[in-house]
Amino acid sequence: MAIQDGLMPGDSLVDLELETMISQQLVGRGITDQRVLAAFRKVPRKAFVPDYLHQKTYLDVELPIGLGQTISPPYIAARMLQELQLPPGGGRVLEVGTGSGFQTALLSTMVDKVVTIEIAPELSARARKLLVDDLGLGNVEFHVGDGFHGWSEAAPFDGIVVNAAAEEEPPWPLVGQLREGARLVIPIGERGAELHVVRRNDFDEEVVVHTLGAFAGRFAMLKGEAEDY
Numbered sequence: 002m003a004i005q006d007g008l009m010p011g012d013s014l015v016d017l018e019l020e021t022m023i024s025q026q027l028v029g030r031g032i033t034d035q036r037v038l039a040a041f042r043k044v045p046r047k048a049f050v051p052d053y054l055h056q057k058t059y060l061d062v063e064l065p066i067g068l069g070q071t072i073s074p075p076y077i078a079a080r081m082l083q084e085l086q087l088p089p090g091g092g093r094v095l096e097v098g099t100g101s102g103f104q105t106a107l108l109s110t111m112v113d114k115v116v117t118i119e120i121a122p123e124l125s126a127r128a129r130k131l132l133v134d135d136l137g138l139g140n141v142e143f144h145v146g147d148g149f150h151g152w153s154e155a156a157p158f159d160g161i162v163v164n165a166a167a168e169e170e171p172p173w174p175l176v177g178q179l180r181e182g183a184r185l186v187i188p189i190g191e192r193g194a195e196l197h198v199v200r201r202n203d204f205d206e207e208v209v210v211h212t213l214g215a216f217a218g219r220f221a222m223l224k225g226e227a228e229d230y
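The sequence shown begins at 2 in the working numbering and counts up one residue at a time.
None of these hints come from the bench; they were simulated from the model. Hints are not guaranteed to be accurate.
Said to hold, decoys possible - List time: in silico EDC-like cross-link candidates among lysine to aspartate or glutamate, alpha-carbon distance up to 20 Å: (1) K114 <-> D134; (2) K43 <-> D113; (3) K57 <-> E195; (4) K57 <-> D34; (5) K47 <-> E84; (6) K130 <-> E142; (7) K43 <-> E181; (8) K43 <-> D16; (9) K47 <-> E20; (10) K57 <-> E20; (11) K47 <-> E18; (12) K57 <-> D16; (13) K114 <-> E181; (14) K43 <-> D61; (15) K114 <-> E84; (16) K130 <-> D52; (17) K114 <-> D135; (18) K47 <-> D61; (19) K43 <-> E18; (20) K47 <-> E181; (21) K47 <-> D134; (22) K57 <-> E18.
To be verified - Simulated DEER-style distance windows between Cβ atoms: (23) E169 <-> G139: 15 to 25 Å; (24) L17 <-> L54: 13 to 23 Å; (25) G69 <-> P89: 35 to 45 Å; (26) S153 <-> D203: 15 to 25 Å; (27) W173 <-> D61: 16 to 26 Å.
Glycine included, every Cβ here is placed at the ideal spot set by N, Cα and C.
With the hints as constraints, model all of the structure from the sequences given.
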């Protein structure tokens, strides 16, 4: 992976605010995947938060990032990544909804390749500059478009995470782009009230849907062609 040697300086002092957040908001609420916790220690969350909100970087709230969009609370991102149950040693993941690029950066520490799609060109360009030019990530592929249809050119994926809510069920094109045994993690319902996990059982596209209930996320609804499925 391109960022094995770090986004955060190896000799940096312990960030007490970060460690408190990890202890209380993540570990204290059931985040046990050590790769997810390590990613939060490696990716500088403040780089994705507007300067005037830096004092709120680690709070359990969503924060505005401009263009009417927000960065999710730390726990939301951590929970979604943990539910992916990514294979050890790498793999390729599709992210629908680049947003600020924070979750993209977290994923980039955990897998060999991240393919990320964002419907808003301005957000995609801003995330690309931050992740590639400023943080030096080399394993992220950016695309602008409606993520409902995924990115078949790079399929199959070892995991797919969607940062927007579907109305009733996961989009069928995304399920079809999962590698056998891989998972799709997606909020379902108005504003993403529940988190659903779909596991690809075999190549005839049989799936298992897990309703985790009371996820209490706050997501924009999928747009574009996703509204018509």
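- Query: That 15 to 25 Å hint for E169 and G139 (C-beta), does it hold up?
  - Reply: 38 Å, violated
- Query: Does the Cβ distance between L17 and L54 fall inside 13 to 23 Å?
  - Reply: Holds, since L17 and L54 (Cβ atoms, about 19 Å apart) stay within the stated range.
- Task: For the range 15 to 25 Å, tell me whether the beta carbons of S153 and D203 fit it or not.
- Result: 19 Å, holds
- Pair hint outcome, K47 versus E84 [Cα-Cα no greater than 20 Å]: 24 Å, violated
- Message: Please verify whether K114 and E84 have alpha carbons no more than 20 Å apart.
- Response: Given that 20 Å is the threshold and the Cα spacing comes to 18 Å, the pair holds.
- Is it true that the CA of K43 sits at most 20 Å from the CA of D61? Distance of about 19 Å is within 20 Å: holds.
- Task: Given the hint that K43 pairs with D113, test it: the Cα-Cα distance must not exceed 20 Å.
- Result: 16 Å, holds
- Task: Take the C-alpha atoms of K43 and E181, compute the straight-line distance between them, and say whether it is at most 20 Å.
- Result: At roughly 30 Å apart (the allowed maximum being 20 Å), E181 and K43 break the hint.
- Satisfaction of hint between D135 and K114, Cα-Cα up to 20 Å: 19 Å, holds
- Pairwise hint evaluation, E20 against K47, where the allowed Cα distance is 20 Å at most: Status holds; Cα separation ~14 Å.
- Message: Next pair to validate is K57 with D16; report whether the Cα-Cα distance is within 20 Å.
- Response: It holds: about 14 Å lies between the C-alpha atoms, which stays within 20 Å.
- Please work out if K130 and E142 have their alpha carbons no farther apart than 20 Å. Holds, at about 12 Å.
The structure is inconsistent with the numbered hints 3, 4, 5, 7, 20, 23, 27, although it conforms to all the rest.
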